[in-house]
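Asker: Given only the sequences and the hints, what does the whole structure look like? Please build it.
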Amino acid sequence: MPTRVMDLSEMEIKGIKDGILVHLDKAEWDRAKPELIKQIKQNQSFFQGARLFIDVGDTILKAKELGELRDNLSDQGIVLTGVLSLSNVTRETAQLLGLKITIDKPKPQKPSSIAPLDTLLKGESAVLLHRTMRSGHKVSYHGHVVVLGDVNPGAEIIASGCIVVWGRLRGTVHAGAEGDEDVVVCALDLSPMQLRIGSKIAITPQDQEKPQPEIARIKGNQIIAETWQHHRGDL
Amino acid sequence: MNGTVITITSGKGGVGKTTATANLGIALASLGQKVVCIDADIGLRNLDVVMGLENRIVYDLVDAVEGRCRLSQAMIRDKRHPSLFLIPAAQSRDKTAIAPSDMVFLCNELRSEVDWIIIDSPAGIERGFRNAIAPANEVLVVTNPEVSAVRDADRIIGLIEAEEKGTAKLVINRLNPEKVKKGDMLSASDVVELLAIPLIGIVPEDEAVLVSINHGYPVVLNERSEAGKAFMNIGRRLLGEEVPWMELDSRKGLFNRIGKLFSGGN
Numbered sequence: 001m002p003t004r005v006m007d008l009s010e011m012e013i014k015g016i017k018d019g020i021l022v023h024l025d026k027a028e029w030d031r032a033k034p035e036l037i038k039q040i041k042q043n044q045s046f047f048q049g050a051r052l053f054i055d056v057g058d059t060i061l062k063a064k065e066l067g068e069l070r071d072n073l074s075d076q077g078i079v080l081t082g083v084l085s086l087s088n089v090t091r092e093t094a095q096l097l098g099l100k101i102t103i104d105k106p107k108p109q110k111p112s113s114i115a116p117l118d119t120l121l122k123g124e125s126a127v128l129l130h131r132t133m134r135s136g137h138k139v140s141y142h143g144h145v146v147v148l149g150d151v152n153p154g155a156e157i158i159a160s161g162c163i164v165v166w167g168r169l170r171g172t173v174h175a176g177a178e179g180d181e182d183v184v185v186c187a188l189d190l191s192p193m194q195l196r197i198g199s200k201i202a203i204t205p206q207d208q209e210k211p212q213p214e215i216a217r218i219k220g221n222q223i224i225a226e227t228w229q230h231h232r233g234d235l
Numbered sequence: 001m002n003g004t005v006i007t008i009t010s011g012k013g014g015v016g017k018t019t020a021t022a023n024l025g026i027a028l029a030s031l032g033q034k035v036v037c038i039d040a041d042i043g044l045r046n047l048d049v050v051m052g053l054e055n056r057i058v059y060d061l062v063d064a065v066e067g068r069c070r071l072s073q074a075m076i077r078d079k080r081h082p083s084l085f086l087i088p089a090a091q092s093r094d095k096t097a098i099a100p101s102d103m104v105f106l107c108n109e110l111r112s113e114v115d116w117i118i119i120d121s122p123a124g125i126e127r128g129f130r131n132a133i134a135p136a137n138e139v140l141v142v143t144n145p146e147v148s149a150v151r152d153a154d155r156i157i158g159l160i161e162a163e164e165k166g167t168a169k170l171v172i173n174r175l176n177p178e179k180v181k182k183g184d185m186l187s188a189s190d191v192v193e194l195l196a197i198p199l200i201g202i203v204p205e206d207e208a209v210l211v212s213i214n215h216g217y218p219v220v221l222n223e224r225s226e227a228g229k230a231f232m233n234i235g236r237r238l239l240g241e242e243v244p245w246m247e248l249d250s251r252k253g254l255f256n257r258i259g260k261l262f263s264g265g266n
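Top line first, the protein sequences correspond to chains A and B.
Letter 206 of the first sequence, counting from 1, is numbered 206 in my numbering, and no numbers are missing.
Letter 62 of the second sequence, counting from 1, is numbered 62 in my numbering, and no numbers are missing.
It is possible that some hints are incorrect.
What the hints assert, rightly or not - Below, a list of computed lysine-lysine pairs in the DSBU-like style, where the Cα atoms sit at most 35 Å apart: (1) B/K165 x A/K17; (2) A/K14 x A/K62; (3) B/K179 x A/K62; (4) B/K165 x A/K138; (5) A/K100 x B/K34; (6) A/K210 x B/K169.
Claimed, not checked - Short derived list, chain B residues pointing at chain A, Cβ under 10 Å: (7) V104; (8) N108; (9) D154; (10) E161.
Unchecked claim - Restraint-style ranges between C-beta atoms, simulated for each label pair: (11) B/R70 x A/S140: 48 to 56 Å; (12) A/D58 x B/Q73: 35 to 43 Å; (13) B/K165 x A/K138: 18 to 26 Å.
Derived by calculation from the structure, the hints in this document are not laboratory data.
It should be emphasised that the depicted structure is a prediction, and the values quoted were computed from it without experimental measurement.
Think of the CB as a built atom: it goes at the ideal place given N, C-alpha and C, for glycine as much as any other residue.
Answerer: Right, dumping it as structure tokens:
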């Protein structure tokens, strides 16, 4: 179910599976547009980086109007992804501008054959990032972070728990960011720009040997990285 | 016709975006395609200089967008290839003179008239870059085999993914096999390993490029130039031809490895 985030008399902003959907169908376009921009400016962190869909009802919008909105949003760092409309004119305009006119339907959920997590196992929450983390990407998470892919230089991961990278770790990572020093960072190739655990900081030595899976943790009073082979016994 | 829009970008300045645009434009034109190159670097134009068409400019991109001239009036026909055109940038304005949607409209109009629209993006990730990327069907990211250029390329690739432009293709420019061998320069496979996008061309470092820019005579017209051949190969690959990877070094090794790396992948 979509979660309602805020409710104004004429504009409704909803979080949907695919991004953010804003209903502008109840207001005149001339009032709705500045209000949308205002909302975005006031809630930067909520909108930032999201795929934005607008529902304009039967309002007829020409290319100039939609184009302007797209540009204004682009100035705010937001990509207008789609326009939902009852009007054919508006739909054609949106398509001309390369915008979607439907929200991609989420894949039908198959009944899961996996039993729910046995709570006796004391599972903790983690987020899985199945992608390459590139320069400029920043992820902060309250919990553990697992990356299935490379973390490139210039990318940053901050987690209150552990950080696991199934790939090359070359960016900056901070595990135990809320003070837990009993966490680990591990990667198939552990060569971070900077590695922090709790309040400790380490950088990767210049003379790296052949990459191999390593696991870093605090031992004594400093961060130590050991090869996985060497460490298998006491994971 | 239903032209393809290719945007050439890099993040970092000075890696060879403009050189790549001019040379790919000529390469495609000489392969029989109708091409228009657009300089999106408003305020710092120089694609016209590299193409040797500076003295023919009457109207520019901003004039066309703001309706002071017809689109065809802003298209300058190349001296050597009648199927190649340039839409120059305005010099007295800045990036905010046009908007991403203006570029989308302009390219939609051009698509019906030409096979290829090649957009030379300005450096950076701000408005100018967004203008250049908005109409793109395909994006080529140019980088040099050096750490700072690769870092910026990585950032740009992330932004292109966020704009849902599909996977960008990589051009490694100014590679010097001698320096790679000595360990003074990143190898092509180092760069590709980090950026993890398909490679479409490796252009070797070549004195002839500098000379060609100063003479407004793009290097692809020089048949003896290695860089010129490399740009021509990229043009062929854009047309869907399978072009074998150039042997940039008489002693085999590095480029054989790269060849293997990519024949498997894509």
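Asker: Now look at each hint and say whether the structure bears it out.
Answerer: Hints, one by one, checked against the model:
Restraint check: the Cα-Cα separation between B/K165 and A/K17 comes to about 21 Å, which is no more than 35 Å; the hinted pair holds. At most 35 Å may separate the alpha-carbon atoms for a hinted pair to count; A/K14 and A/K62 meet this at roughly 25 Å. For the proposed pair B/K179 and A/K62, the alpha carbon gap of about 55 Å is over 35 Å, so the pair is violated. Between B/K165 and A/K138, the direct Cα distance comes to roughly 21 Å. Compliance with the 35 Å bound is thereby established for this hinted pair.
Proximity of A/K100 to B/K34 is assessed by CA-CA distance (about 30 Å); at most 35 Å being required, the pair is judged to hold. At roughly 29 Å between alpha-carbon atoms, A/K210 and B/K169 fall within 35 Å of each other, so this suggested pair holds. Against a cut-off of 10 Å between C-beta atoms, the interface hint on B/V104 holds, since the closest Cβ of chain A lies about 6 Å away. Contact between B/N108 and chain A, as hinted, is supported at the beta carbon level, the nearest pair being about 7 Å apart and thus within 10 Å.
Because the closest C-beta pair between B/D154 and chain A is about 4 Å apart, less than 10 Å, the hint holds. Given hint, B/E161 at the interface with chain A, holds; its Cβ is 8 Å from that chain's nearest Cβ, closer than 10 Å. Between B/R70 and A/S140 the C-beta distance comes to about 51 Å, which sits within the given range of 48 to 56 Å. In this structure, A/D58 and B/Q73 meet the distance hint of 35 to 43 Å, their C-beta atoms being roughly 39 Å apart.
Distance hint for B/K165 and A/K138: a CB-CB separation of about 21 Å, consistent with the stated range 18 to 26 Å.
Consistency with the previously given hints fails for number 3 only.
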